[in-house]
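Trainee: Let the sequences and hints guide you as you build the complete structure.
Here the protein sequences come in this chain order: H and U.
Read in our numbering, the first sequence has 284 at position 167, and its numbers run on one by one without any break.
Read in our numbering, the second sequence has 56 at position 72, and its numbers run on one by one without any break.
Simulated from the structure, these hints should not be mistaken for laboratory data.
Any given hint might turn out to be false.
[What the hints assert, rightly or not] Result set (DSSO-like, lysine-lysine): computed pairs, CA atoms no more than 30 Å apart in a straight line:
| # | chain 1 | residue 1 | chain 2 | residue 2 |
| --- | --- | --- | --- | --- |
| 1 | H | Lys119 | U | Lys82 |
| 2 | H | Lys126 | U | Lys80 |
| 3 | H | Lys223 | H | Lys126 |
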Amino acid sequence: MKIRDRLTKTEARVAPYAFISPFFIVFAIFGLFPLIYTLWVSLHDWSLLAGNQGFVGLDNYRELAQDADFWRALTNTLGIFVLATVPQLVLATVLAQVLNSKLRAKTFWRMGVLLPNVTSVAAVGIIFGLIFARDYGVVNWGLGLVGVGPVDWQGHRWSSWLAISVMVDWRWTGYNALILLASLQAVPKELYEAARIDGASAWRQFWSVTVPMLRPTIIFVSIVATIGGIQLFTEPLLFGAGVNAISGGSTGQFQTVAMYLVQQAFTGQRFGYASTVAWVLFLLVAVFAVINVALLRRIRSVD
Amino acid sequence: MRTKNPLMYVGLSAVVLLSVGPLYFMLVMASRVNDEIVALPPPFSLGGELFPNLDRVFGNADVLFGQALLNSLLVASVATVCVVVTSSLAGFAFAKLKFRGRNALLLFVIGTMMVPVQLGLIPLYMLMTKLGLSGGLPSVTLPFVVAGFGVFMMRQFAEQAIPDEMIEAARVDGASTFRIFFSIVFPALRPAAAVLGLLTFMERWNDFLWPYLTLDAEHPTVQVALSRLSSGYYSDQSLIMAGTFIGTLPLVVVFIVFGRQIIGGIMEGGLKA
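Mentor: See the structure below:
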């Protein structure tokens, strides 16, 4: 074998690794290392300024289990998540169905639906903070027209959860509808033909053909929504924008776990404890992903 | 599916109105003076104060809004170029080259899409401080020069767009893998690279949590400047809305120009995942 041929062989064997290495090297440093190191930090008394104050084992986890503020934040996060995700996915599925019918000006409708998604989360929090303002907000003004007194949207738990859910849904429903639309377009037309011949109504077709065929995509969309929902941070932060925005309202009524994490780390200067919150958050994401898959498996396929 | 139901258009129009409504509302508020904003009923038409309000936004010494726009442009552009290049390289390797551990490594890449970087915030902050990068723009750029989503997307595209025979032929002619990438693969990947670039740029422009935590007062990005504008030291709503408007405008323009490609990219990405 000539030297040149041998060089070529070696090059062909090494090249793939050279091609993928930028991704893996950068991800290892800025993605994987922090994630794993979080676990290590969570086992220590570690502060922002003083640094590592020693190993404390599971003390942080024990403290977290009894931390009423954490549980309140967790309840808020899950409450907002459920309140936002369920209508969002239902609406997105219906919207995908409508967008899949024969329409004039397809691109126009799709762009109209997706527009909120290109708006930054920060902008959404600020805009909706004003829309839901107590004294001069558009929503309260509209409620006043139909005889409902003004709601202090930021003041109470349920009302703040509702307002934040509206922000989340406004930004994400159209995006999810487009992803569902993509998988709708892959459904064989014959399935609908057959259902129609069998005399199935539009509603029946939707439940017996569309929803089962969309199952894998619905699972994907719910997992993404779950990951986003559990990390909810910016909307509630800017919704209640004030000097103490990070505490999510006067009694923490809309402080999410991610906000609590940042508050513990940077206001409270407790890196170890905040890392514990992060790690619990990570486990939550994983658990919810599994629950999602299990639940949605129950939507039966066409049989 | 073939019913031309006018109700569908009514429903869709309502949805689009709801989509545009809050943005229109933002523009109305940005074009009014503060007294008009807190009036009831709220104003529904544009006022004449947009440019004076914008002037005040850019003149505000605390938030450095003009600087923030440039910073965001810089950070998002660098990240976009890097993501497109690193994703094309890796995507091509995963799609068309054979190597040991390929499937396991690809599974790992897909796994990274499920793990939010935010959960490693605290060590990331410590790391940036150690590297002396905390506070400045490199700290919000470096972690995002690669993206698992990008690698996956480019791989899906490369698999279909590049015939194996083409690569074989080039190899027989004695081209190195790198040469093949530059002369054959990258040009063929261009449409997908454009979409990935658009999506990456939008994502980076809109990023908030990490920049909010790490950037110091002298180096804001647009989103961080916005949060400072509305952080309670000002209750000047028209100023806040004018800032929000100018921070949102660039992406809305990008969206209007490239909407078709962006929609295609999102639908494609969702379908394959």
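Trainee: Output the numbers, in ascending order, of every earlier hint that fails for this structure.
Mentor: 3
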